[in-house]
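Colleague: Let chain A serve as the given structure and place chain B on it in line with the hints.
Number of protein chains: 2
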Amino acid sequence: MCVCAQVLYDFTAEPGNNELTVREGETVTITNQGVGGGWIEAQNSRGEVGLVPEDYIEVREWLGVLSMELASFILYINVLFLLIYSEDDEWDDEWDDVKSNSESGDGGAIQRGGATGSSMKISLNKFPGFSKSGPELFLLCKQPPKGKEKITIYMGEVGPVWSYPEAQLDCVVADPKKGTKMYGLKSYIEYHVIPNTTNRPVNHRYKHFDWLYERLLDKFGSAIPIPSLPDKQVTGRFEEEFIKMRMERLQGWMTRMCRHPVVSNSDVFQLFLTYKDEKDWKTGKRKAEKDEDVGVMIFSSIEPEAPDLDPIEVEQKCDQFSRFTKAMDDGVKDLLTVGQEHWKRCTGPLPKEYQRIGKAFQNLSSVFTSSGYQGEATLTDAMTSAGKTYEEIAQMVAEQPRKDLHFLMENNNEYKGLLGCFPDTIGVHKAAIEKVKEGDRLVAASKITPQDKVTMAKRVSTMSYALQAEMNHFHSNRIYDYNRVMQLYLEEQVKFYETIAEKLKQAHSQFTTM
Amino acid sequence: MCVCAQVLYDFTAEPGNNELTVREGETVTITNQGVGGGWIEAQNSRGEVGLVPEDYIEVREWLGVLSMELASFILYINVLFLLIYSEDDEWDDEWDDVKSNSESGDGGAIQRGGATGSSMKISLNKFPGFSKSGPELFLLCKQPPKGKEKITIYMGEVGPVWSYPEAQLDCVVADPKKGTKMYGLKSYIEYHVIPNTTNRPVNHRYKHFDWLYERLLDKFGSAIPIPSLPDKQVTGRFEEEFIKMRMERLQGWMTRMCRHPVVSNSDVFQLFLTYKDEKDWKTGKRKAEKDEDVGVMIFSSIEPEAPDLDPIEVEQKCDQFSRFTKAMDDGVKDLLTVGQEHWKRCTGPLPKEYQRIGKAFQNLSSVFTSSGYQGEATLTDAMTSAGKTYEEIAQMVAEQPRKDLHFLMENNNEYKGLLGCFPDTIGVHKAAIEKVKEGDRLVAASKITPQDKVTMAKRVSTMSYALQAEMNHFHSNRIYDYNRVMQLYLEEQVKFYETIAEKLKQAHSQFTTM
Chain A
51 MCVCAQVLYD FTAEPGNNEL TVREGETVTI TNQGVGGGWI EAQNSRGEVG LVPEDYIEVR
111 EWLGVLSMEL ASFILYINVL FLLIYSEDDE WDDEWDDVKS NSESGDGGAI QRGGATGSSM
171 KISLNKFPGF SKSGPELFLL CKQPPKGKEK ITIYMGEVGP VWSYPEAQLD CVVADPKKGT
231 KMYGLKSYIE YHVIPNTTNR PVNHRYKHFD WLYERLLDKF GSAIPIPSLP DKQVTGRFEE
291 EFIKMRMERL QGWMTRMCRH PVVSNSDVFQ LFLTYKDEKD WKTGKRKAEK DEDVGVMIFS
351 SIEPEAPDLD PIEVEQKCDQ FSRFTKAMDD GVKDLLTVGQ EHWKRCTGPL PKEYQRIGKA
411 FQNLSSVFTS SGYQGEATLT DAMTSAGKTY EEIAQMVAEQ PRKDLHFLME NNNEYKGLLG
471 CFPDTIGVHK AAIEKVKEGD RLVAASKITP QDKVTMAKRV STMSYALQAE MNHFHSNRIY
531 DYNRVMQLYL EEQVKFYETI AEKLKQAHSQ FTTM
Chain B
51 MCVCAQVLYD FTAEPGNNEL TVREGETVTI TNQGVGGGWI EAQNSRGEVG LVPEDYIEVR
111 EWLGVLSMEL ASFILYINVL FLLIYSEDDE WDDEWDDVKS NSESGDGGAI QRGGATGSSM
171 KISLNKFPGF SKSGPELFLL CKQPPKGKEK ITIYMGEVGP VWSYPEAQLD CVVADPKKGT
231 KMYGLKSYIE YHVIPNTTNR PVNHRYKHFD WLYERLLDKF GSAIPIPSLP DKQVTGRFEE
291 EFIKMRMERL QGWMTRMCRH PVVSNSDVFQ LFLTYKDEKD WKTGKRKAEK DEDVGVMIFS
351 SIEPEAPDLD PIEVEQKCDQ FSRFTKAMDD GVKDLLTVGQ EHWKRCTGPL PKEYQRIGKA
411 FQNLSSVFTS SGYQGEATLT DAMTSAGKTY EEIAQMVAEQ PRKDLHFLME NNNEYKGLLG
471 CFPDTIGVHK AAIEKVKEGD RLVAASKITP QDKVTMAKRV STMSYALQAE MNHFHSNRIY
531 DYNRVMQLYL EEQVKFYETI AEKLKQAHSQ FTTM
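Residue numbers (the numbering used here), protein chains in the order written: chain A, 51 to 564; chain B, 51 to 564.
Okay, chain A solo, but in the shape it has when bound (with noise of 0.2 Å):
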């Protein structure tokens, strides 16, 4: 079936992403409209696919190309719908999201590189090049709004630290199913996520997850990095191999914000662990999305027990963390491109190498069995099991990335994602010291009152206690994966070379001592 749709706006692909740039008035066929993100899979008429926000395009008009009386048809069904599920606004909400991000705050909304034409409403939050300006609403608001949520930060043994929980909180990411929506147009993977604090699972689509990360992003992305979600994929969405890997990660992402104290203790995202209902997700939801508490905003919240720090020395704390999130950014970068050429020698050349030394070997051993001589057999017999030997080592070198290498990459992919909201996070911090330097010129201008200069002094230490503290638990939660992940590869790869060292052994007893 093909479903074509009309594209509303130019948008410029970002390369290596997997995306399609279209111009305005162009039509393009919808080859995947499951894609989830906000996203959506379109083919041009050269023949190009690739991904394009939803919002760009009409998707409502897809019907204009079916023929009349498919066209009818789909449209009773469409209203059957309306009639059948008039009070889930759930089966549409994909059309809604422009809306309900128009509604929400404009504290985040800033606009994407690649996109043109300034006058679109669209959600901008969706695109991870996040970055807050305007750090002088937080700095010089007349009287920060009195929260419910306080957000408090301790001194600990390690400098500034958020205030921990008890008992962490955990999740599993279980179970993915698939289901089907408008009599099998629309399909989705839903999955079970079952916190450790009721041990109830709540079903939740990649969508949904995806609107969590937004509204997260939209609340802490000035204060706290908020990792992307998995990447979105097109192909092989429904094979059992890229559901596993896209659980795995939304398993990794979830666990990373459980152990966050100040995002795992938001009411957002409580709300999505342990929601009741579908009432309760739907009035809870809502609520989120109107919270005005967003942005540089979060800062108002939190309340360091410690005294104010002098700007200059909270200048030098963002500049060494600055460096350090850089230098481990490229650290990590390599230690990637190592990683993904190893895995190809792995899985490529080397398992093929060392098959053909088995097939050699077993090769010889059979022109040896022709000989007709008397007493060939216990060294043809050994030479077989010894080229069988190095192809069963060829398939263990083939599959072992996936045991241990996967991990290792799979960590240091996370880190590179959460490495990459740093700066947005740190510049947040450095807009704000700018904005404090100017003190003495805006109090001399008479912009703002000595008073508003002493206010922003005092609030840009909350803000550089809030980024200590932040790193503080960057780097203890680094401590952990990383030992946690190397001591994994290691175990693994020691495994690997000892079951290589023990078939080995085996195949050499065959021979004999002479």
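If you're looking for bench data, these hints aren't it; they were derived computationally from the structure.
Among the clues, some could well be false.
Which residues of chain B face chain A? A partial, calculated answer using Cβ under 8 Å [claimed, not checked]:
(1) N82
(2) R406
(3) A427
(4) S435
(5) K555
Fair warning: this is a prediction, and the values are worked out from it, not measured in the lab.
Note that beta-carbon positions come from the ideal geometry of N, C-alpha and C, so glycine has one too.
Modeller: Same frame as chain A, now just chain B:
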């Protein structure tokens, strides 16, 4: 110093053999006179360098290009040498080869494929493309010469076998020493050869081994495949690596010859191993060179203690051996190709990759060290150590082929050489079978007598027993060699993987358990 020479005859290089094509009358520059084996290295006017048979060029004319003063001096030195070492023809026996070979029997002299000009008097036994022709020399000779050496063939468990000595001859090739002649103008390596019978070392240069090879090929080549000596090699002749490798290969060649009951028992081989002094060596050398019991006449010394075989059976045996040696040749070459590729990978890209993994770990570790976070040391120490372990593994991977693959390759290279001799040895038998098939026609045409026909059948039966004995010798050695080399290979591989596992286990233990 520029040493020039005049080309006496056309010589066409064989591809892939480091040879240089030269034309009669051409002037070449001698770049290495000490290559040995009857070859010298020369450079033509186009700057191309390669090997040329020393008989093909007038090396004595190199005086022509020197300044007259220097030429006179060299001439003086030459004369001096002639006076001092007048009783030792060793110093110039590189030019004596032509004479000594042209004096030896014609039984083994054939024309080499690549060389042009049939009127040249050169030693053709030097060339590996040896093939005996004319088995009728033996089949129809009126009265087989009553040689002193008798070669017996018994019926063993596996079929016809040579008569094996009670104690197996063995020898050690050791202590390579560099020597020079003609005031350093010529230099060579001299080896100690120590047989287990006398335990007394005799000295031999490569050219002596080559002389022995030619004698053995002349004498036994029709019945026993005599493998070529290790390749002549030009570069790095006096570098330790090359000397070690050549010695190892000469050792392998000598061991194989020692193991052969017929070869090891021959006068010429015993002379080589146990000559008492220079005089003894020279006398024995001249005697060996005058031996007329060469070529197909070797079969006249062979006495099988078994009933005559039917010519049809002889042909079947012959075909079976031909098929087997061809199949094994293919198998061995296949293993060599695979092994060479594996060698390249193990010494090239693979260790580089492990090194990069090691560097990436260490790099990330040093970034972590810069975090300023407390309690970082355990992780960073462990990661640095893991990184170093992978660098060690890189080195192990690169060095491993010399410890295991090397011997597997050397063994298969030896067998490749040996198998390359079989087509010629088998060819002699096939020619004899054809001759016997012509028997009736030849009798009818009165070319041979009916008695000759009976004699021919009896003699081709003798040849078949010799081939069977040789094949059984080959099989028994092959089983021994492949058992030994596979055991060694697998043993070293087990050690290699166990060491890696052990190193990784140690690296693993440095991470803290959490």
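Colleague: For each hint, tell me whether it holds in the structure or not.
Modeller: Structure-based check of each hint:
1. N82: Violated, about 37 Å.
2. R406: With Cβ-Cβ at 5 Å, under 8 Å, it holds.
3. A427: Violated - the Cβ of B/A427 stays beyond 8 Å from chain A, reaching only about 10 Å at its closest.
4. S435: Where the cut-off is 8 Å and the nearest Cβ of chain A is about 10 Å from B/S435, the hint is violated.
5. K555: Where the cut-off is 8 Å and the nearest Cβ of chain A is about 5 Å from B/K555, the hint holds.
In summary, the numbered hints that this structure violates are 1, 3 and 4.
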